[in-house]
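Those sequence lines, one after another, are chains A and B.
If you read the first sequence in the working numbering, its first letter stands for residue 129, the second for the next number, and so on.
If you read the second sequence in the working numbering, its first letter stands for residue 129, the second for the next number, and so on.
Among the hints, a few may not be true.
Copies of the same chain are indistinguishable here, so a pair counts whether it falls within one copy or spans any two.
Here are the computed lysine to any residue pairs in the SDA-like style, where the Cα-Cα straight-line distance is at most 25 angstroms [claimed, not checked]: (1) Lys304 <-> Ala154; (2) Lys269 <-> Pro291; (3) Lys283 <-> Gly295; (4) Lys269 <-> Asn287; (5) Lys321 <-> Ile183.
In short, the hints are calculated from the structure, not lab data.
2 protein chains.
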Amino acid sequence: MTIHLLSNTLDPVLSEDCVLAIGPTATFDDCPEQLDILFVPGGFVGKAMLDQATIAFLADRGAMAPYIASVCNGALILAAAGLLDGYRSATHWAGRDHLAQLGVEVSTERACIDRNRFTGGGVTAGIDFGLTVFAHTLGEKAAKFAQLMMGYDPKPPFNAGSPQGAGPEMVALFDKFTADSDTTLRNAVSQVKEQRAASSPTRHQGRMPASPPASSPPDRPFHRTTSLPTSTVCGALCDRNPRPYRGRGVVPTSSFPAPCHCTLGR
Amino acid sequence: MTIHLLSNTLDPVLSEDCVLAIGPTATFDDCPEQLDILFVPGGFVGKAMLDQATIAFLADRGAMAPYIASVCNGALILAAAGLLDGYRSATHWAGRDHLAQLGVEVSTERACIDRNRFTGGGVTAGIDFGLTVFAHTLGEKAAKFAQLMMGYDPKPPFNAGSPQGAGPEMVALFDKFTADSDTTLRNAVSQVKEQRAASSPTRHQGRMPASPPASSPPDRPFHRTTSLPTSTVCGALCDRNPRPYRGRGVVPTSSFPAPCHCTLGR
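Isolated chain A, as found in the complex (with noise of 0.2 angstroms):
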């Protein structure tokens, strides 16, 4: 199995509060031309839906590719790329208003499967959807394997996980909190609406999609995958205060001003 990780550029992208920096292994230009499962992840995602060079190499491989898949708001970037035009797809709960604005069957599942397009829920149902495309792609027993390697039995403190669990009081904390970076994905939406109505009148007219493979192949592997890693993390294409890589990932954490969330028990 190949993973590549894939980015406009070689450069490091970094998290927020630059500290993790990812990799990326090859570019959108030097990328193999066909990748078995196309993976996009989330998070402030709005920059990246209005990149073009990230929209048009999705929608490349998207089109060959035999499973499509995303978690969060990943969702956001690859309905910005047309790839879930008639399809069902789970994101972010906080994101399920803007898929549907961009004509998207909303699902509330934290794995979402669609004929082959594999979508999760936000942040942490990364791992429920992990696990689900591991059975469907590498089979049942590598994806038990994994769930015991990484004592994925969860017992939450609380029952705050969702919207319904964590209360109106709660959400209306959540979209205070995140009111600057939900402007932001708002205003995407409706520019990417605009962009796909001039380019392609007849775009959401009866396109069929993409026919997903005769037959998933449990117990076979793949032999690549691709992650982009430009929308989780804090690099060119970011949302959230971009700063520079100042080399060796050397960043005194104490010059950052504290992640929106952090202020709250203060």
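Got chain A sorted already, so can you dock chain B onto it with the hints?
Just chain B now, kept in the frame of chain A:
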């Protein structure tokens, strides 16, 4: 809140496949004296348990820290530094026997709290652990907000996240695939026991644990927390195929041998 990511040096600490880098923000030498939470992550910790700079640093800061914490087999590093003498602790299920060998009372909880020691189980237990610590230090409201943000409403597709759920056949497969790293860990435990017996023959005879703070301070933020990235990722201290950092994070994953569990489906 300030988070210090600590290591022997400021060099990036790389993941096993060398595509994920964590940049330390301070070294053991220039880290602040007083830390609110001294936190140690897990992984393949055999080398870290025997690294004298790591152990000396933890013993020193641990004597002053109001809270001492770990997830996964980070508990074995804490134990090697004497910081779990007289305490109950969780760890990865496969590390429990090793932890008991070091004289620690083993808990099977996802998040174990014994006075001022906060310890988590294996890998994904870090989420339950993190929310529990969050609630104890910044308050329940902050913890529930974090849970909502990351959509932590788990729905595992299988019941294979514990040895009991996965069953003996899967556990035997796990033992086979982790035999080498388990041997490394077993040897490290033996060496730690010998070193501690030689340096402090009366250590286990009535030494009183450090007292926890008089009361935990919910809704009051901590000013400093510490994470030690040396053991979860592949660097000088990782047991598993350490490889040189090749700069810019650009490493073709196709040149690496597949991790052990990736060969399952072949």
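Review point. Out of the numbered hints, which ones does the structure contradict?
Key: Structure breaks hint 1 only.
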